[in-house]
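*Asks:* Note that the protein sequences, when read in sequence, are chains W and C.
The numbering of the first sequence is this note's numbering, which starts it at 1 and goes up by one.
The numbering of the second sequence is this note's numbering, which starts it at 290 and goes up by one.
Honestly, I wouldn't trust all of these hints.
Partner residues are not named here, just some residues of chain C that face chain W (Cβ under 7 Å, in silico) [claimed, not checked]: (1) R310; (2) A312; (3) L314; (4) L408; (5) L417; (6) L420; (7) L594.
Ranges between beta-carbon positions, derived for each pair [to be verified]: (8) W/A190 to C/A322: 34 to 42 Å; (9) C/P434 to W/G113: 50 to 58 Å; (10) C/R527 to W/Y135: 45 to 53 Å; (11) W/G113 to C/L587: 14 to 22 Å; (12) W/D4 to C/P434: 48 to 56 Å.
Source of the hints: derived by calculation from the structure; they are not laboratory data.
Keep in mind it's a predicted model, so treat the numbers as computed, not measured.
Glycine included, every Cβ here is placed at the ideal spot set by N, Cα and C.
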Amino acid sequence: MIQDILVTGLVNGGVYALLAVGFSLIFGVARIVNIAHTAFYMLAAYCFYMLLVKVGLGFALSGVIAVAAVTLLSVACYWLVIEPVREHEAAVLIATIALALVFQELMLFAFGGHYLGIPSTLDGVASVAGVSIPYQRLLILVVAALMLVATWALLYRTRLGLAIRATANDIEVASLMGMNVNRVAMATVAISVALAAIAGVVVAPVFVVDPFMWLSPLVTMLAIVVLGGLGSLKGSLIGALIIGYVEAITVFALPAGAFLKGAVALSIMVVVLLVRPEGLYGVAFEEER
Amino acid sequence: MYLLRRGWAELKNEVFVLPSRTAVLAWAIALLALPYAYGDSYVLRIVTITCLYAIFAASWDLLAGYTGQVNFGHALFFGAGAYTSALISLKLGITPWITVWIGALVATAFGVVVGFLCLRLRGSYLSLATLAFPLIALGLLFAFPDFSGGELGVSGLSRLATTVTANYYVALIAMLGAVFALWLIADSKFGLVLHAIRDDEVAARASGINTPRYKLAVFAISAFAAGLSGALLAHYFRVAGPSTLETALSFQVVIWGIFGGVATIYGPVAAVFILYPLTEWLGSFKAFGELRLLIFALIVLLVLLFMPRGLSPWVRDRIETACPRCKQRNRAWRSACRLCGAPLENRGQTTISETPRSP
């Protein structure tokens, strides 16, 4: 059981980290609370399903096309819906909720509400120190780790990353220094949604695909981001691992744990917030005006 | 006779001078007269549900719009009211006329607890943390299905009244009373403090306002109204199920609130009265039945692109202007202010915080 907890926690934590880092990034740069973030994850899973099962492309090709298509869609949504109401925070908020509902209903209309299964990308089981891990879960772990390293490299080793970090730090000064803040925001949207889409593509064979699959990771992701500190990437990563392990322990060790896993994870978030209102790695509130 | 004349004068001087107040009065009278004018039971049923949701939306507005505590878990209070009232009336056999109030009081207790936990949080942290509370409650409900009924919820409740029309009047009077009470609270000195807390909490505290106490109070009031609406709706549907705690309901109330215009009380009510019957009406078409949520979301998106501050501030800016000197509101087609006589020229660009003050 200990091994199960270790592996499940790590794999789920990896997926949550992909989602939470993207969400955190977009909040930090553009101050958008993107409720539709996991809806893009759902869209990527559907896109992957359609290309793989209906069209019959290979795994790698359908994965890449799905991620690219969803990323393009997110940029289009940003220009059409979010950009015109950027000054009104409340409007941005319900615009993203409405977008998520639109995607959910479109998928419900196109594919129906039943669960869709996707064949595993890699069959077989690896056995590490007596624990058997399906290759698919290993793949999730590897992809998550690679993507997190790539994001880190992008943010800290490129000019675009410098611009993104500068904009997150102080949007007005970044604008004064000649950065095109709107274009930086758009690039951030693309990066963050691409991370969510990659998560959607790799987990689709493990979880079932249905139009409501965005709701439960949404809540977990928000809990992680708040737990780690809004806008802090390190916090999101550590928060994702904490929540991943807490959920795994609840499911394996408690009776009726599957029902309680969300409740326990969220309670931990509430406890952390009571002790540290700004989250684990958030910047303490300066008394903002 | 004196009272009649006094009442007529009040009406003429306070209500008919502003088109928005006249519209509200006309709307209330129309709702009261609806069963006599058009007693179709389907229509009455829709309007009954709309009324109860309107209380819910207005209670969210007091908390989120006025005080700035943008609550993403408002369904917690709704569900607390619904489940408490349902369980007490079913297990102890008490009449729903009493249990709805107990439900509302339990919701108030939940409100104080949530408010206490969230006192130190602000902005997006508060929104995202409050999202968690109804889900924790939902997890507990599913973990103890013997007590809560699990997926199916608590069913077999009795209604407050027997006939369709009587139920309609119960809901309508509850709605008019609750919304008017919330509006009075929001428009009083207490409401002014709430505006201050939203705009600048530090400055409010520096002015000697005990902001934590005010925030707890507003959480309690808002939760009371939300719990009342949840309990009434549970008795109307005759079931209190897990859908009363779902994230979808919390998001729904956020959409109603922002669509109608925050910090107005009547805005979210108007939004419910427009959006809820609209979705039901769309659902009555076979072709649209599956698409109604999609159309709902698209309408919300389109309206927002044109009126980013919400529906009711947009409409009010078209029919009324604020006097540049005394800030009193006037009909848009008057040439001079009705109180101080200052000339009115351009359309007033008002912000949310400049809601009309009335005696």
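*Asks:* Each hint: holds or not?
*Replies:* We went through each hint and held it up to the structure:
A distance limit of 7 Å between C-beta atoms decides the matter here; for C/R310 the minimum to chain W is near 25 Å, and the interface restraint is violated. Below 7 Å, beta-carbon pairs count as interface contacts, and C/A312 has none with chain W, the closest being about 24 Å; its hint is therefore violated. Taking 7 Å as the C-beta contact cut-off toward chain W, the hint placing C/L314 at the interface is violated, the least distance being around 29 Å. About 9 Å separates the beta-carbon of C/L408 from the nearest beta-carbon of chain W, more than 7 Å, and the hint is not met.
Proximity of C/L417 to chain W holds as hinted, the smallest CB-CB distance being about 5 Å (cut-off 7 Å). Checking C/L420 against chain W by beta carbon gives a least distance of about 6 Å; that is within 7 Å, so the hint holds. Restraint check, C/L594 versus chain W: the minimum CB separation of about 6 Å is within 7 Å; hint holds. For W/A190 paired with C/A322, a C-beta distance near 55 Å fails the hint of 34 to 42 Å.
Distance hint check for C/P434 and W/G113: the Cβ-Cβ separation is about 24 Å, which falls outside the suggested range of 50 to 58 Å. Roughly 51 Å separates the CB atoms of C/R527 and W/Y135, a value that falls within the hinted 45 to 53 Å. The hinted window of 14 to 22 Å between W/G113 and C/L587 holds, with their beta carbons roughly 20 Å apart. As the Cβ distance of W/D4 to C/P434 is approximately 26 Å, the hint placing it in 48 to 56 Å is violated.
The structure fails to meet hints 1, 2, 3, 4, 8, 9 and 12 from the earlier list, while all remaining hints are met.
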